[in-house]
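> Residue-level listing of the chains:
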Amino acid sequence: RKEVEQDPGPFNVPEGATVAFNCTYSNSASQSFFWYRQDCRKEPKLLMSVYSSGNEDGRFTAQLNRASQYISLLIRDSKLSDSATYLCAVAEAGDDKIIFGKGTRLHILP
Amino acid sequence: EAQVTQNPRYLITVTGKKLTVTCSQNMNHEYMSWYRQDPGLGLRQIYYSMNVEVTDKGDVPEGYKVSRKEKRNFPLILESPSPNQTSLYFCASSPTLAKNIQYFGAGTRLSVL
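Sequence lines, in order, name chains A and B. Going letter by letter, the first sequence gives residues 1 to 110 in this note's numbering. Going letter by letter, the second sequence gives residues 111 to 223 in this note's numbering.
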């Protein structure tokens with residue numbers, strides 16, 4: 001069974017701090033990687049696609065480590081509004097399915 | 111506005127009473143999918159469709175049916191709902207394959223008594 005694993009948290013982090021979490025995947029043939037954000041009782045929304053070279057969008061940085069089979073998400077200068085559950089998603093080349101991790105809960109504390 | 115629309119948003123029903131949750135997207139996406147989300151289990155794929163008249167089972171298809179007669183619509187059918195199908199359901203669409211970005215509907219919260 002192909003697995004995508006995340007630390008469920010919660011991560012309780014003071015406002016302004018930097019927080020990072022990882023997502024490991026079991027299938028080395030995985031090709032596409034994403035981070036989604038999900039607010040309580042709402043639908044997941046794409047936060048970032050993860051590229052091989054890594055990518056940054058404002059305070060958010062996503063990286064891929066193929067050798068160790070994980071992706072990471074770094075949030076700098078965290079805001080109260082960053083409180084949410086962060087889901088990673090992994091798809092293989094040519095596969096019809098995308099597998100989601102169970103999510104990591106993040107609480108930013110004032 | 112590009113969106114995925116699910117209806118109803120909330121539904122309470124009784125065991126055995128057939129129901130349909132509709133899903134429609136206006137982005138001309140080929141790929142559509144249904145997920146259920148349960149505490150501690152995350153998002154699990156029920157069924158997916160790569161195009162009109164093409165549907166396939168996901169990880170948890172038992173007790174569900176789908177159809178894809180038109181590109182924009184992908185209804186989820188529960189022929190005889192049971193309490194273990196109480197869950198939060200999401201429809202999603204993607205331009206082509208699953209490896210593209212998924213756009214989710216707002217969700218349907220179903221309770222089967």
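The set of hints was computed from the structure by calculation and includes no laboratory data. Even for Gly, the Cβ is constructed at its ideal location relative to N, Cα and C. There may be inaccurate statements among the hints.
To be verified - Below 25 Å or equal to it, Euclidean Cα-Cα: the simulated DSS-like pairs (lysine-lysine) are:
1. B:K181 to B:K167
2. A:K42 to A:K97
3. B:K128 to B:K175
4. B:K179 to A:K79
5. B:K179 to B:K128
6. B:K127 to A:K97
7. B:K179 to B:K127
8. B:K128 to B:K167
9. A:K97 to A:K45
10. B:K181 to B:K128
11. A:K45 to A:K79
12. A:K97 to B:K167
13. A:K42 to A:K79
14. B:K128 to A:K45
15. B:K127 to B:K175
16. A:K45 to B:K127
17. B:K167 to A:K79
18. B:K127 to B:K167
As the list claims (entries may be wrong) - In silico contact screen, one side only, chain A against chain B (beta carbon under 7 Å); selected entries:
19. E43
20. P44
21. F60
22. L64
23. K102
> Each hint should be assessed against the structure and marked as holding or not.
To see whether the hints hold, each was checked on the structure:
1. B:K181 to B:K167: 18 Å, holds
2. A:K42 to A:K97: 22 Å, holds
3. B:K128 to B:K175: Cα-Cα ~11 Å, so holds.
4. B:K179 to A:K79: It is violated: about 45 Å lies between the C-alpha atoms, which goes past 25 Å.
5. B:K179 to B:K128: Given that 25 Å is the threshold and the Cα spacing comes to 20 Å, the pair holds.
6. B:K127 to A:K97: With a Cα-Cα distance of about 30 Å, the restraint between K127 (chain B) and K97 (chain A) is violated, given a limit of 25 Å.
7. B:K179 to B:K127: At roughly 23 Å apart (the allowed maximum being 25 Å), K127 (chain B) and K179 (chain B) satisfy the hint.
8. B:K128 to B:K167: Between K128 (chain B) and K167 (chain B) the Cα gap is close to 20 Å, so the pair holds against 25 Å.
9. A:K97 to A:K45: 18 Å, holds
10. B:K181 to B:K128: Satisfied, since the Cα-Cα distance of roughly 24 Å is no more than 25 Å.
11. A:K45 to A:K79: 18 Å, holds
12. A:K97 to B:K167: Answer holds: K97 (chain A) to K167 (chain B) is near 10 Å, not above 25 Å.
13. A:K42 to A:K79: Satisfied, since the Cα-Cα distance of roughly 19 Å is no more than 25 Å.
14. B:K128 to A:K45: 30 Å, violated
15. B:K127 to B:K175: 14 Å, holds
16. A:K45 to B:K127: Outside the cut-off at roughly 32 Å; violated.
17. B:K167 to A:K79: 40 Å, violated
18. B:K127 to B:K167: Given that 25 Å is the threshold and the Cα spacing comes to 23 Å, the pair holds.
19. E43: 4 Å, holds
20. P44: Holds. Min distance 5 Å.
21. F60: 16 Å, violated
22. L64: Violated, because the Cβ-Cβ distance from L64 (chain A) to chain B comes to roughly 14 Å (cut-off 7 Å).
23. K102: 3 Å, holds
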